[in-house]
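S.K.: Two chains, each in its own frame: build the complex with the hints.
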Amino acid sequence: MTKFAEIILNGLALGSVYALIALGFVVVFKASGVINFAHASLLLLGGFTVAKLHDDLGFALALLAAVLVTAAVAGLVEVLFIRGLGRTEVHTLTILTIGVDILLTTELTRRIGSDVLSLGDPWKAGVRDWGGVHIADARIACIVVAVLLIGAFFAAFRFTAWGLSMRAAAEDREAAALMGIRLGRIQFTAWCVAGALAAVAAVFLAAFPSAGLDRSTGQIALAAFPAAILGGMDSAAGALLGSLVVGLTAALMAGYQSDMSWLGANLGDVAPYVVMLLVLIWRPTGLLGSKERARV
Amino acid sequence: MSDRVSSTVTRPAETLPARHASPALPGLRRWVRPGAVTAVVLVLLVLPFYVTAFWLQTGLFAMAAAIGAIGLNLLSGTTGQLSLGHAFFLACGAYGYVWFAGDSGRVGVQQLSGPGLPPLLALVLAVLLTGIVGGLFSPISGRLRGMYLGVATLALVFIGHHVMLNAKSVTGGFNGRSVTPMEFGGFTLTDGDPDGLEVLGIPFGQLERLWYFALVLVLVAALTAHNLLRGRPGRALGAVRDSEIAASVMGVPVARYRSAAFVVSSMYAGLAGALIAMIFNRVVPDYFGLALSIDYLAMIVIGGLGSVTGAVVGAVFVTMLPQVLSKYADTLPLVVAPGSPDSGVGPGEAARYLYGAAIVLVLLFAPGGLVGLLRGRPGGAPTGRRTVRLGRTKDSIRTGSKG
Chain A
1 MTKFAEIILN GLALGSVYAL IALGFVVVFK ASGVINFAHA SLLLLGGFTV
51 AKLHDDLGFA LALLAAVLVT AAVAGLVEVL FIRGLGRTEV HTLTILTIGV
101 DILLTTELTR RIGSDVLSLG DPWKAGVRDW GGVHIADARI ACIVVAVLLI
151 GAFFAAFRFT AWGLSMRAAA EDREAAALMG IRLGRIQFTA WCVAGALAAV
201 AAVFLAAFPS AGLDRSTGQI ALAAFPAAIL GGMDSAAGAL LGSLVVGLTA
251 ALMAGYQSDM SWLGANLGDV APYVVMLLVL IWRPTGLLGS KERARV
Chain B
1 MSDRVSSTVT RPAETLPARH ASPALPGLRR WVRPGAVTAV VLVLLVLPFY
51 VTAFWLQTGL FAMAAAIGAI GLNLLSGTTG QLSLGHAFFL ACGAYGYVWF
101 AGDSGRVGVQ QLSGPGLPPL LALVLAVLLT GIVGGLFSPI SGRLRGMYLG
151 VATLALVFIG HHVMLNAKSV TGGFNGRSVT PMEFGGFTLT DGDPDGLEVL
201 GIPFGQLERL WYFALVLVLV AALTAHNLLR GRPGRALGAV RDSEIAASVM
251 GVPVARYRSA AFVVSSMYAG LAGALIAMIF NRVVPDYFGL ALSIDYLAMI
301 VIGGLGSVTG AVVGAVFVTM LPQVLSKYAD TLPLVVAPGS PDSGVGPGEA
351 ARYLYGAAIV LVLLFAPGGL VGLLRGRPGG APTGRRTVRL GRTKDSIRTG
401 SKG
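Protein chains in written order, with our numbering: chain A, 1 to 296; chain B, 1 to 403.
By construction, these hints were calculated from the structure, which means they are not laboratory data.
One thing to keep in mind: the hints can contain errors.
[Stated by the list, open to error] Derived coverage of chain A by chain B (criterion: at least 3 residues anywhere in the stretch with Cβ under 8 Å from a Cβ of chain B; other residues may be distant): (1) 98-105; (2) 217-227; (3) 275-282.
As the structure is a prediction and not an experimental result, all values here were calculated from the model.
Each residue gets a CB set at the ideal place from its N, CA and C atoms; glycine is no exception.
Just chain B, same shape as in the assembly (with noise of 0.2 Å):
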C-alpha cells in the first residue's frame, strides 16, 4: 500500500479522516445518510402527481442512466478499470429484452425473429445474457488494466454496431425494433390496458407506471451495489485498485475479481439497456454509439468516482443537462433556439460545452465529483472506505511497470 503512506507525506492536510475530525453530534450524524436517501424516495414516490410528462420522461432516462452509472462505477471507480465500452452492454441489454419478448414474424420488409417470452422473463434472461456476454470478455477484462482496457472495450462499442447493423432478424437493422411492453399478468406498463387508469384524479399512463417501476429497479440496483462495496467484494476490488501486489499477497485472485467486476458492471448495463428500450418503445443501433460510452464515464466522474451516490448524481447531471438546456433554450442568455436563423450556440453545443466544462472542471478542482463538493471534500475523501482513486498513483505506475 506504498501510495497510501505517500499521500501522508505529500497531502498532510487530509490525513485526518473526516469523522475524526467534526466530532459534533455522532449520534446525528449517522442519520444524516438514510434520513437523505428516505427524503429522496419520497419525493421520487409522489412526482407524478406533480409534474408534467417532460419532466417524467427525462427522470426516466436519468433513472435508467443511474443503474447503467452504478455499475460503470463499481468497474472504474472501484476496480479501477477504465471501460469505453458501456454502450455495447446497454445495447445487449436492450436488444437481448427486446428479443427475448418479441415475436417472431414479418415486419414490413423486415423478418424479425424472437421467441416471444414473458416480458418479466425476458428482463431476467436479457440481464443475465449480458453477464454472459461481459464474462466472455473475460480473457481480456482480467488480463489488461486501466487504460488498456478502456481501449480494448472501444473495439466492443464498434463491433457492436457493426453486428446491430448486420444482425437483422434480431435487432431490426438500422430502423431498429419496437419494444414489447413491460407487463406483469396482464398489467401493462402502457398508456392502454388497464385502459384509462387514474390514480387520485391523475392519469396514469405510460411514464407514470414506467416511473414507479424503474424506481423499484433503482433502489434494488443501488442497494445491491452499497452492499457489494461494503463487503467482502469491496474490500477486495479496492485492494486490486491500490495495489495489485499487496491485493494477490494477501490472497485476492486479481484475474478473477477484475473479470466479476466486469461481469457484474455488464450486468447492470444490461438492466440499465433494457429500461431505456421500455422508454424509448423503439431501439435504433445509433444510439448505443461511443458518444453513449464516453457519457457513463462522465457521469461517474462528475458524480464522483467510487461511490453509489456519485454515480446517481452524476447520471442525473449528465442526463438532464441537454434536456433542460433545450426545454429552456429560450429563455437562457446566448443560446439560440434549434434550427433558428440566428448565428449562435444552440442548445445542444451549449449543452456540450457544459458537459465537456463540467469534466474538466470537476477534475481540475473537484476530484471528488459533486458528491465530494456536497460532503464538503473537494480533494476526495481520505478514508479507506471512501477513497476516489481511478487506478494506480503515479508512484505505482514508477515502481509497478517501466513504461
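Chain A with its partners taken away, still in its complex shape (with noise of 0.2 Å):
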C-alpha cells in the first residue's frame, strides 16, 4: 500500500511537470495554431541558463533570469519566423519550429558537452516520510508550484483582458481582430508565457531524484507531447487531464515493471504513447478537445 502510494505521488508529480510543459503546447497552439517543436530546446535553454547561473546569482534569481531569458527567446522565435509569416500555412510553421529546435539545440547540447549540470536547488536530496510513504522534496515542491502557475495561469486566462483576448482569438481569428484585438500581441506573450513554463518545468525535470540536467533533458518534453494530443490540442484543461494521465501511467508502468517483465524494460518511457494510441483511436480530437466542426 505505501508502494501505491509512493507511485501514486511520484506520478502525480511526474504529471504535474508534464502538465507545465502541455500547457506551453497549447498556449501556443491555441494563439497561433503552431505544434511548437522548439519547444523541447526552450526548456533546455531555461534548465542551462538556471545551471550557469546559480553560483552567482542564487537559485532564486538565477530561476527568474532563466524564466526571463527562455520567455525572450521564445517571444523572439515568434517575432523572427511565426509573425512574418502570417499568410503561410501552419504546417510549415510546424516544420519550421523543427528547424530552430535543431539550431538551439545543437548549440545548446555543444555547451553541455558530456557534463551534467547541477541546478543548485534548495530542496537537494531530501526525503520526507509520511507514515512510511517516502517521498523527495522536489517531488513535492514541483506539486506546489504546479499547481500554483497553473491555477495562476487560468485565472489569467479566465479573469484578465489578456485572456479574454487570447480567447477571442482563439474562437475567430478575424472577428477578434475587426474588434480591434492585435493578434501579433497575443500571439507574441502567448510564446512568452509558454517559454516562461518551460524554464520552470526544466527546474523539475533536472532536481532529485533526476541526476541534474543533461544534453537528454529536452527530450523528456517530447512525453509531454502525449499528454498535450491525448487532452485535445485545443484545449487547457485537457492538457491538464492529458498530464495526469500520462504522469501517472508512466509511474504506474514504472512502479510495478517487475510484475510485467514480459513486456519488457523501460515501460514506462512507452507507456504514454501507447495510452495516447488508444485514446485518439477512441476520440480523434482527444478526450476534451473540440470537435472539428465545418461550414461548406
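M.R.: This is how it looks when you write it as C-alpha cells:
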C-alpha cells in the first residue's frame, strides 16, 4: 500500500511537470495554430541558464533570470519566424519550429557536452517520510509550484483582459482582429508564457531524483506531446487531464515493472504513447478537444 | 477550393501559370526534364568507375534515403499529412528483411529466429510487411489529419524502439543483427562470391554491386511515384490536401485515400529500410530514432514538397551534408576535426547547424524548396499540378475547424 501511495505521488509530480510543458504547447497552439517543436530546446535553454547562473546569483534569482531569458527567446522565435509568415500554412510553420529546435539544441548540447549540470535547487536530495511513504522534497515542491502556476494561468485566462482577448482570438481570429484585438501581441505573449513555463519545468525535470541537467533533458519534453494530444490540443483543461493520465501511467508502469517483465524493460517510457494511441482511436480529437466543425 | 481563390487574391504575381509566362521554345522545354533525368542517370551509371569507396557509400545512403523520401513526400507533400513515424517504417523494412532472410540459430549468447528465405523474396515480403503494418495504423491515419497525425506517429517511433530492444529473437536486441546479403542465383552483392570480380579493370566489390541494385530500385520507385501522382490517385490525394470537403463532395473517399497514402508511403519506407540494412551489414535499434524521422521530414521540405525530384534532391542534400563536412573538416574554416582538443564547432555540429539553418531558410525564403529555386520559382509553383502546399491554408482552417 505504501508502495502504491508512493507511486501515485510520484505520478502526480511527474504529471504536474508534464502539465507545465503541455500547457506551453496548448497556449502556443491556441494562439498561432502551430505545434511548437522548439519547445524541447526552450526547456533545455531554461535549465541551462539556471545551471550557469545559480552560482553567482543564487537559485531564486537564477530561476527568475532563466524564466525571463527563455520567455524572451520564445518571443524572439515568434517575432522572427512565426509572425512574418502570417499567410503561410501552419504545417510549414510547424516544420519551421523543428528547424529552430535543431539550431538551438545543437548549440546548447555543444555547450553542455557530456556534463551533468547541477541546478543548485534548495531541495537537494531531501526525502520526507509520511508514515512509511517516502517522497522527495523536490517532488512535493514540484506539485505545489505547478498547482500555483497553473492556477494563476487559468485565473489569468479566465479573468484578465489578456485572457479574454486570447480566448477571443482562439475562437475566431478575424472577428477578434476586427474587434480591435492585436493578434500579433496576443501571439507574442502566448509564446513568452510558454517559454516561461518551460523554464520552470526544466528545473523540476533536473531536480532530485534526476541526477541533473544533461543534454538529453530536452527530449523529456517530448513525453508532454502525448499529454497535450490526448487531452485535446486546443484545450488547456485537457492538457492538465492528459498530463495527469500520462504521469500516472508512466509512474505505475515504472513502479510495477517487475510484475510486467514480459513486456520488456523501461516500460514507463513508452506507456504514455500507447495510451495516446488508444485514446486517439477512441476520440480522434482528444479527451476534451473540441470537435471539428466545418462550414461548406 | 476556396484557398485557390484566396491565393489569386492575395498573390496576384503568381496567378499566371509559368508555362504561359515563358512561351519561348515550347517544344524544347518539353525535352528539358527527360533530358536532365537521362543525363543524371548516365552519370550515376559510370560513377562507380571513377569515385572512391567513400563517395560510393555516401551515395548509396543517399539513394536509400531518396526512396524513403519519395514515399514520405507522397504522404506529406501530396496528401498534406505530417508523419514523424517514418523511422519506424524504415525499421520495419530493415528488420523485416533481416528476419525473413535470416536463419534461426544461436549467435553468441543470443538465440535468433528466422525462416531463412531467399533474399529477393525476403525483400518483397519485408516491403509487404511494412505495408501491412502501415495498414494496421489506418484507424488513426485515416481519421487524423495534418499535425495531429504527426504527433500520433511520434508514438510509433518510441513504441517501435521499445519492441526492437525487447523482441530479441527477431531483432537481436540492443546490439542488432547482421544482415544476409542480397543474392541473385549465386551472384551475391558482397565483396566475395564471385570472388575478385572486375569490370573494365575496376574491382567490383559490395559497394559497386549494391550501387547498381540501388539505382534500379530508385528509378523504379521514382517512376512509380511519378505515375501515381499524375494519375487519378494523385489528383484525388491533392484534392484531399487542398480541401477535404470539396474532395468528398466530388466523390473522393477521404479516409480511404488517406489510409492508402499512408500504406504506400510505409511501403516505400520499408524498401528504403531494407536497402539501408544491406548497406550497413548490421542493423541496430538506435539508428531508427526520432532524429531519423525528422531527417526525412527535413529532406522533403528542403527539397521541395510535393515533387518526386524534390524528394530526391532533399535526400541527397541531407544525407551527404554531414558526411562531406566530416570528410573535409580539416580544410574548412571554423570547423575542427572530431575529438580534437581545440574548442570549436565539430563537423557533426557544423552539419547540424547547416541543416537546421537550411530548414529555416528554405521555409522562410523559398517555400518551394531547392527544386523551386532550380525552376526559378522560389515561392512555389502556382500551377495546380505542382502546388507545393502541405495541408490547408489558414483560410480553410478558419472555416474548416474551430480552434
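S.K.: Could you run down the list of hints and mark each one as holding or not?
M.R.: Outcome of the hint check:
no.	hint	in the structure
1	98-105	holds (count 6)
2	217-227	holds (count 3)
3	275-282	holds (count 4)
Of the numbered hints listed earlier, not one is contradicted by the structure.
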